[in-house]
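**Student:** Take a look at the letters that make up each chain.
2 protein chains.
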Amino acid sequence: MKPKMTLKRIAKELGVSISTVSKALHDNKEISQENRDKIQAFAKFYNYRPNNIALSLKNKKTKTIGLIIPEIVHNFFAKVISGIEHVAKLKGYNVLIAVTNESFDKEVINMELLVHSNIDGFIMSLSKETLLNRDKHHLQETINQGIPIVMFDRVVDDIDCDKVIVDDLEGAKIATQKLIDTGCKKILLITTEDFINIGKLRTQGYLEVLRENNIKQDPSIIYRVSDMGNLERKQEAIEEDINKIFDKVSGIDGIFAVNEIYAITALNVARQRGLRVPEDLSVVSFSDGILSQHSRPSLTTISQHGFKIGEEAATLLIDRLSHEDEEKEFRTKIIKTELIERDSTR
Amino acid sequence: MKPKMTLKRIAKELGVSISTVSKALHDNKEISQENRDKIQAFAKFYNYRPNNIALSLKNKKTKTIGLIIPEIVHNFFAKVISGIEHVAKLKGYNVLIAVTNESFDKEVINMELLVHSNIDGFIMSLSKETLLNRDKHHLQETINQGIPIVMFDRVVDDIDCDKVIVDDLEGAKIATQKLIDTGCKKILLITTEDFINIGKLRTQGYLEVLRENNIKQDPSIIYRVSDMGNLERKQEAIEEDINKIFDKVSGIDGIFAVNEIYAITALNVARQRGLRVPEDLSVVSFSDGILSQHSRPSLTTISQHGFKIGEEAATLLIDRLSHEDEEKEFRTKIIKTELIERDSTR
Chain W
1 MKPKMTLKRI
11 AKELGVSIST
21 VSKALHDNKE
31 ISQENRDKIQ
41 AFAKFYNYRP
51 NNIALSLKNK
61 KTKTIGLIIP
71 EIVHNFFAKV
81 ISGIEHVAKL
91 KGYNVLIAVT
101 NESFDKEVIN
111 MELLVHSNID
121 GFIMSLSKET
131 LLNRDKHHLQ
141 ETINQGIPIV
151 MFDRVVDDID
161 CDKVIVDDLE
171 GAKIATQKLI
181 DTGCKKILLI
191 TTEDFINIGK
201 LRTQGYLEVL
211 RENNIKQDPS
221 IIYRVSDMGN
231 LERKQEAIEE
241 DINKIFDKVS
251 GIDGIFAVNE
261 IYAITALNVA
271 RQRGLRVPED
281 LSVVSFSDGI
291 LSQHSRPSLT
301 TISQHGFKIG
311 EEAATLLIDR
321 LSHEDEEKEF
331 RTKIIKTELI
341 ERDSTR
Chain E
1 MKPKMTLKRI
11 AKELGVSIST
21 VSKALHDNKE
31 ISQENRDKIQ
41 AFAKFYNYRP
51 NNIALSLKNK
61 KTKTIGLIIP
71 EIVHNFFAKV
81 ISGIEHVAKL
91 KGYNVLIAVT
101 NESFDKEVIN
111 MELLVHSNID
121 GFIMSLSKET
131 LLNRDKHHLQ
141 ETINQGIPIV
151 MFDRVVDDID
161 CDKVIVDDLE
171 GAKIATQKLI
181 DTGCKKILLI
191 TTEDFINIGK
201 LRTQGYLEVL
211 RENNIKQDPS
221 IIYRVSDMGN
231 LERKQEAIEE
241 DINKIFDKVS
251 GIDGIFAVNE
261 IYAITALNVA
271 RQRGLRVPED
281 LSVVSFSDGI
291 LSQHSRPSLT
301 TISQHGFKIG
311 EEAATLLIDR
321 LSHEDEEKEF
331 RTKIIKTELI
341 ERDSTR
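In order, the protein sequences belong to chains W and E.
Just so you know, we're using UniProt numbering here: the first sequence kicks off at 1 and counts up by one.
Just so you know, we're using UniProt numbering here: the second sequence kicks off at 1 and counts up by one.
Since the hints were made in silico from the structure, they are not lab data.
One should not assume that every hint holds.
Remember, identical chains collapse to one label, so a pair may be satisfied in a single copy or spanning two.
To be verified - With a straight-line cut-off of 27 angstroms between C-alpha atoms, the simulated DSSO-like cross-links for lysine-lysine are:
id, residue 1, residue 2
1, K234, K89
2, K89, K61
3, K328, K91
4, K63, K136
5, K136, K8
Work out the full structure, taking the sequences as your base and the hints as a guide.
**Tutor:** Set out below in structure tokens:
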């Protein structure tokens, strides 16, 4: 049985990247004329139909949403999915989900796969590699071909589409201020690298509040976790890093962690070092998942309202699909965060 | 734009169930000749292609696995997905996921959707409604049409296909024996209703161990949770029920809960009632998720090895897809459980 030709196979056969094949098939001028001709001829020979041909079949609606998420183990994405499914069910839509595992190639392949499955539109949160690469041709071309995209949480500014974002800056400010208000003087920030927009904004919120309170920022207590790899193995490495910071810097009395996993890891370190939470050390997390509720001590946290994000994203997409003939302005919905006080702060 | 005809739409138009339409289109004799004729004519008129016609397009492999799971919020399914994705990536397969939210109709619709997306085969864990209904025509017909299915965790005996199951009976026996060995005399069982096979087997394991240890079984401390509804709202109701059992029955010194959520809920009740865990009350859970690790006290639990289940399921499916010309016996892989001792037992 002859296997079906795919982007991946073409890329492999011709020894080029998936992105190059995808761009060439969309006649993107970034690829040399020679390479475009070669790749297009190869695809044609193998009867490969790129998205824009699939699209000519797209005059029938399938009432299916394609959902692309970077990972599945974070409870936040599970909540977003529940919110999307809730609205989809009410409106008679189905949802097909694909996971990128933070890979750019997987994101491109999954979009291709779902377009071939005749989904009507996408809801997506970008992979870390996509944010890092800044290669976004697959998003723009999907939109150009008339398939709407709603981005949530991990979005990029330079693609025009509907977006649902959390007020990360404001949330981080509330979290940091809470620590200061309860007497913390030396607050360790555990955050992501800056190419992740949400990590960057949360870092910025932390820094702004320090400034507002006339506290000098100290680079030795800003820990940027590089986490492109496996989550579970990473947790040990993060634990080690936090321990090293506590070894070097004395007097840390507060921690603001930009996600639950980092916060839980910080709680583990506190336990190992005999620090009482919240008496010796206060911890505030970001995103109110199942871990924050059930860890001991339970975590004071900034709620991201994942379910609501999912509901809003599905509503925006279905609304756009139902009024495709109208030219609607793209909208960005900002979901307000909220401080949920539990036992990890004074 | 004319909407595409779907099973759901046909069912609605003709005022019959999705199951009836699906059966009629597969010429299932359970449906009267008259109704079959009517439904088939209607589908034909609207140019609806049921699975078996879609199948004539299926001589090209897409290297895509369709994954159908009952829910997304349980960490167990997230782990299974990670295991499936891991093997799929190694073997060059993609995965599309659909969630049934425990609904039979959603299961049938999602399978249809994925067959139309030209997936090569299914990996699935059945919805509670499917287990309850005992309507399985959609599974048998999919298999008859040459699309292999691998079932995991929530399986049914009377469908011949590859299966991956956890040794639930053995796991429950280990859990119950652990409680008895550490001195528990009155063990509350928190389990599901019996139509869920895994709940039934775990209940059976509990009862067998009681018998082996000459402990009389007491129906007042066997609590069967009926949980067809919303998980989060249910948790409060479960908490209330457990409290009522503690009000009525004195001397409960052990709890075996068949999943993490039930175990965590039991810990909450213990806290409310001033019972110390494990001094006054020991708790053993089933399935080693993120909650068991991070609750306080952390939970002694039976590990289900979700990642491994996912790996095995994907391996079985891809193996079958790669040797489609051979007549292979169906296999059932049993994943051994393991006791992980933490702080909730003495």
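**Student:** When the structure is checked against the list of hints, which entries are broken? Sort them ascending.
**Tutor:** Hints that this structure does not satisfy do not exist here, as all of them hold.
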